[in-house]
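Trainee: Chains as they are written, first to last, in this note's numbering: chain A, 1 to 350; chain B, 1 to 350; chain C, 1 to 350.
Some hints here could point you the wrong way.
Identical copies carry no separate label here, and so any pair may be met within one copy or between two of them.
Stated by the list, open to error - Here are the computed lysine-lysine pairs in the BS3-like style, where the Cα-Cα straight-line distance is at most 30 angstroms:
no., residue 1, residue 2
1, Lys336, Lys325
2, Lys189, Lys151
3, Lys343, Lys34
4, Lys220, Lys258
5, Lys291, Lys336
6, Lys258, Lys192
7, Lys45, Lys192
8, Lys151, Lys48
9, Lys69, Lys34
10, Lys151, Lys49
11, Lys220, Lys83
12, Lys23, Lys220
13, Lys48, Lys69
14, Lys151, Lys220
15, Lys189, Lys48
16, Lys326, Lys45
17, Lys319, Lys291
18, Lys189, Lys13
19, Lys326, Lys258
20, Lys48, Lys319
21, Lys45, Lys83
22, Lys151, Lys13
23, Lys335, Lys45
24, Lys220, Lys192
25, Lys34, Lys326
26, Lys106, Lys151
27, Lys34, Lys319
28, Lys49, Lys34
Treat the hints as calculated values from the structure; they're not laboratory data.
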Amino acid sequence: MEITLASIADIVKGEISGDGNQKIRGAASFEDAKGDEITFASQSKFLKKIDETDAGAVIVPQNFQAPMKNIVQVDNPQIAFIKVLNLFHPALKPDYGISQDAYIGKAFLCGQDVSIAPFCAIGDNVTLGHRVVLCPNVVIGDNVIIGNDVKVFPNVTILERCIIGNRVTIHAGSVIGSDGFGFAPEGEKYIKIPHTGIVQIDNDVEIGAGNTIDRATFGKTWIQSGVKTDNLVQIGHNVTVGENSLLVGQVGISGSVKIGKNAILAGQAGIAGHLSIGNNAIVGPQAGVAKSVPDGETVSGSSAMPHRLWLRVQRILPKLPELGKKLSEVDRRLKKFEEQQNKSNGGENG
Amino acid sequence: MEITLASIADIVKGEISGDGNQKIRGAASFEDAKGDEITFASQSKFLKKIDETDAGAVIVPQNFQAPMKNIVQVDNPQIAFIKVLNLFHPALKPDYGISQDAYIGKAFLCGQDVSIAPFCAIGDNVTLGHRVVLCPNVVIGDNVIIGNDVKVFPNVTILERCIIGNRVTIHAGSVIGSDGFGFAPEGEKYIKIPHTGIVQIDNDVEIGAGNTIDRATFGKTWIQSGVKTDNLVQIGHNVTVGENSLLVGQVGISGSVKIGKNAILAGQAGIAGHLSIGNNAIVGPQAGVAKSVPDGETVSGSSAMPHRLWLRVQRILPKLPELGKKLSEVDRRLKKFEEQQNKSNGGENG
Amino acid sequence: MEITLASIADIVKGEISGDGNQKIRGAASFEDAKGDEITFASQSKFLKKIDETDAGAVIVPQNFQAPMKNIVQVDNPQIAFIKVLNLFHPALKPDYGISQDAYIGKAFLCGQDVSIAPFCAIGDNVTLGHRVVLCPNVVIGDNVIIGNDVKVFPNVTILERCIIGNRVTIHAGSVIGSDGFGFAPEGEKYIKIPHTGIVQIDNDVEIGAGNTIDRATFGKTWIQSGVKTDNLVQIGHNVTVGENSLLVGQVGISGSVKIGKNAILAGQAGIAGHLSIGNNAIVGPQAGVAKSVPDGETVSGSSAMPHRLWLRVQRILPKLPELGKKLSEVDRRLKKFEEQQNKSNGGENG
Chain A
1 MEITLASIAD IVKGEISGDG NQKIRGAASF EDAKGDEITF ASQSKFLKKI DETDAGAVIV
61 PQNFQAPMKN IVQVDNPQIA FIKVLNLFHP ALKPDYGISQ DAYIGKAFLC GQDVSIAPFC
121 AIGDNVTLGH RVVLCPNVVI GDNVIIGNDV KVFPNVTILE RCIIGNRVTI HAGSVIGSDG
181 FGFAPEGEKY IKIPHTGIVQ IDNDVEIGAG NTIDRATFGK TWIQSGVKTD NLVQIGHNVT
241 VGENSLLVGQ VGISGSVKIG KNAILAGQAG IAGHLSIGNN AIVGPQAGVA KSVPDGETVS
301 GSSAMPHRLW LRVQRILPKL PELGKKLSEV DRRLKKFEEQ QNKSNGGENG
Chain B
1 MEITLASIAD IVKGEISGDG NQKIRGAASF EDAKGDEITF ASQSKFLKKI DETDAGAVIV
61 PQNFQAPMKN IVQVDNPQIA FIKVLNLFHP ALKPDYGISQ DAYIGKAFLC GQDVSIAPFC
121 AIGDNVTLGH RVVLCPNVVI GDNVIIGNDV KVFPNVTILE RCIIGNRVTI HAGSVIGSDG
181 FGFAPEGEKY IKIPHTGIVQ IDNDVEIGAG NTIDRATFGK TWIQSGVKTD NLVQIGHNVT
241 VGENSLLVGQ VGISGSVKIG KNAILAGQAG IAGHLSIGNN AIVGPQAGVA KSVPDGETVS
301 GSSAMPHRLW LRVQRILPKL PELGKKLSEV DRRLKKFEEQ QNKSNGGENG
Chain C
1 MEITLASIAD IVKGEISGDG NQKIRGAASF EDAKGDEITF ASQSKFLKKI DETDAGAVIV
61 PQNFQAPMKN IVQVDNPQIA FIKVLNLFHP ALKPDYGISQ DAYIGKAFLC GQDVSIAPFC
121 AIGDNVTLGH RVVLCPNVVI GDNVIIGNDV KVFPNVTILE RCIIGNRVTI HAGSVIGSDG
181 FGFAPEGEKY IKIPHTGIVQ IDNDVEIGAG NTIDRATFGK TWIQSGVKTD NLVQIGHNVT
241 VGENSLLVGQ VGISGSVKIG KNAILAGQAG IAGHLSIGNN AIVGPQAGVA KSVPDGETVS
301 GSSAMPHRLW LRVQRILPKL PELGKKLSEV DRRLKKFEEQ QNKSNGGENG
């Protein structure tokens, strides 16, 4: 595929400075782009060294100048570059149709241009919207409803009655709708609490690979629109994850936690049961959150504390052995005084 | 489904105070139950506000009174409520029989009322007991033995020679019997140690979604009866997990660890190799256990320490920056004294 | 199977002291080996009690003597024992050939003695080398290339264009080539960054069960030769893991991290994005690495610090409550002095 820089500028609604007739044949990273490829630079560390890239053209922020380069000025270079990437790497349209090698249950309803790969097993009363893609070996339970433009990668399991919105992507190996970890003690044993609820995933959600999202005891575990999860994330029963929140790799969220909108939970963080994480809150990597986090707050550490305080604690931790010594030394010096004082008092009293 | 409160009281062996003719059409949570539904209250926080629930009836502890409500008094309200839930939501009986779309190896033996879904692949010499349910895309290796009333969810893998007891549930995507992480260094490289052992899972065990349980080098990795694991739990080779122990989400257990009975390992805890965790021991969330834990002890922190000590350490950690400052200040004040003393001694000596 | 000790000595290139005609019928652990089985002892704790094993023969280091036992002296007893284990437990050759129940895409190329189990789904333009074994329900995307002597366990997903070398093992449920966790913020929402790169896995790599290895944004996520990963390991986009490095269970590696050769990352450790972990570096269990680790260094803790320092900090942490009290006490004693001094100065001045 070959396209002129002028056409690209048109697509990303940018302004060219340089040669609009330049032929562009691909998109690549700042370091690796070649003379017939386009890249982007938005951070100052890349903008500073813009003359070092071999790229034939660079997408840059408005007002940025680079006389030696063909540039395209836009509001948001990264978003513009994503558009260009999608141009050169259009999502492949699988052409399975509904494979003869898939198993489809009773009362199946589906929209147009659906692709169901071999060895998908679909239960009874399942509804799929338009342009749904089920990759090989996907299992869909009874009474599941899936919206339009959903892509489900291989070996994913979506269990009975779960509801998936539009434009949702679920990566390979993930499990949606497993039973929550709920058991009632009876003597030394545990009796299983039936999980009669569901998982509901709203529009524009992307679920990473190897996730496990438990269904609610009653009601729903709810992943709201725009949420993105990384790989191996665990979401317990009755959790709500608010709009546009990000859950990074290996995050674990206990049952009945409520996460607000636009929150970010960094890698391997864990949230104890029944807590709230506020809107725009940030939870640091490996943080262990044992009490609720207010809107907009950033917490770190295990147990988690306000991030700024944690930074100061982190700085002092490696000095603890030294501080311990110092304290012993101060104590010794003070004792010396006290002994002198005692003697001197003894002398005075004597 | 509709049933009188009197019939429910009969089933849960409880005593009614109120209207035994009340029609009950469902079971729901304390907050959400409607006038024709039943709920339960056992914790005092719910019992206190029993008049706030709209439920048509409430299962309560013996001796608890609520004149304005239809109540059923029982020994254990939660267990009684689970019975009612199972009444309204009976486990679905899959009716696949043995699907034409499953692959079954040689010398297959199975009991009555077995359900094997499409795209299950079963190796040679496999034995299944009565009423086993294999959901779609389950893979069972050669020489595996599975007991009665076992349910295996989609995309689970159970590898060769593993032994599964009665009334076991294995949730979607879990792997039973992968090789242990054992390699012998030879120069800069690592040579694989063959894993000739198995995984044995005893009766009444529930394994969460996305678990990985490694087979033993020799002998067996052993999950004893009544154990419940949450999602994404990792259990290394040659581990023993004692009866009725609970492993919460994302727990990781290194090779050859021995966990006692009725222990609880909270979320994201990790146990180093070859340690023992005693009977009734509790390991806190995200704890990193580097030495064995005696029976009945609770540990927390990474590295783990007795829980009460850890609580005190947790309280002091955020104060460390302040304590560091205080120590510097004390040191400064003491120095001032020492200088005066020196001067004064100098004066005396002069 | 039965073989003389002399034949075993021949195979492992060892020297016998004792009865070369001893019949050996199996290999087992030091504790469990019986009179017709062989075991090994290399650590001094086993060598010391060599007379306690019931094993009919013991593989020991060069120069080690045990007059009461049949021994075989070798350079590396563990490696020699692995050879014997492989003798008694030869890897099973699956005999599926290419199953009629597998789905094979267009333009499929494969070598000799390939085994493809039922319900494997193979995309278009896939190439497999000789003696590749695909267990049931493996999914291989379009344009994947796999070398010789590769074993892929059940329910593994390898997505489009990934490249797998020779003698690679991938355990059950793992996902190779999922999209990286890359999203560009646009207002309150996140726009997906297309991941056009691949995962490349070199020779002699073993990937544990339930791993997730993301493809690169551009270029490749690269697992170099000899790397071994344990279960539930997460490897982000554009990561490089150097030759012969070990990643223990539940390790999480953020995007663009570069790990050197022969490094060891212990269980549940997490590495922040864009860092380097040096050759022969060791990262302790549950460590949270927030800055790069030089060659040969060992770090521990969250946030990670040099291991020796961390050990000292670990020792002092449980003493913090006591140290806090001590500091208050010292402060109080010092104040007493200061008050006396003030009085006495006051007296002098008065």
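Trainee: All the hints need checking, so say for each whether the structure fits it.
Mentor: Going through the hints against the structure:
no.	hint	verdict
1	Lys336 / Lys325	both (17 angstroms within a copy, 20 angstroms between copies)
2	Lys189 / Lys151	between (41 angstroms within a copy, 20 angstroms between copies)
3	Lys343 / Lys34	neither (85 angstroms within a copy, 75 angstroms between copies)
4	Lys220 / Lys258	within (12 angstroms within a copy, 37 angstroms between copies)
5	Lys291 / Lys336	neither (46 angstroms within a copy, 40 angstroms between copies)
6	Lys258 / Lys192	both (24 angstroms within a copy, 25 angstroms between copies)
7	Lys45 / Lys192	between (56 angstroms within a copy, 23 angstroms between copies)
8	Lys151 / Lys48	neither (39 angstroms within a copy, 48 angstroms between copies)
9	Lys69 / Lys34	within (13 angstroms within a copy, 69 angstroms between copies)
10	Lys151 / Lys49	neither (39 angstroms within a copy, 46 angstroms between copies)
11	Lys220 / Lys83	between (35 angstroms within a copy, 21 angstroms between copies)
12	Lys23 / Lys220	between (52 angstroms within a copy, 26 angstroms between copies)
13	Lys48 / Lys69	within (13 angstroms within a copy, 73 angstroms between copies)
14	Lys151 / Lys220	both (22 angstroms within a copy, 23 angstroms between copies)
15	Lys189 / Lys48	between (65 angstroms within a copy, 28 angstroms between copies)
16	Lys326 / Lys45	neither (43 angstroms within a copy, 41 angstroms between copies)
17	Lys319 / Lys291	both (28 angstroms within a copy, 18 angstroms between copies)
18	Lys189 / Lys13	between (65 angstroms within a copy, 20 angstroms between copies)
19	Lys326 / Lys258	neither (45 angstroms within a copy, 39 angstroms between copies)
20	Lys48 / Lys319	neither (38 angstroms within a copy, 42 angstroms between copies)
21	Lys45 / Lys83	within (23 angstroms within a copy, 54 angstroms between copies)
22	Lys151 / Lys13	within (29 angstroms within a copy, 49 angstroms between copies)
23	Lys335 / Lys45	neither (57 angstroms within a copy, 48 angstroms between copies)
24	Lys220 / Lys192	both (18 angstroms within a copy, 27 angstroms between copies)
25	Lys34 / Lys326	neither (59 angstroms within a copy, 59 angstroms between copies)
26	Lys106 / Lys151	both (22 angstroms within a copy, 22 angstroms between copies)
27	Lys34 / Lys319	neither (49 angstroms within a copy, 54 angstroms between copies)
28	Lys49 / Lys34	within (16 angstroms within a copy, 66 angstroms between copies)
Violation of the numbered hints given earlier is confined to hints 3, 5, 8, 10, 16, 19, 20, 23, 25, 27; the remaining hints are satisfied by the structure.
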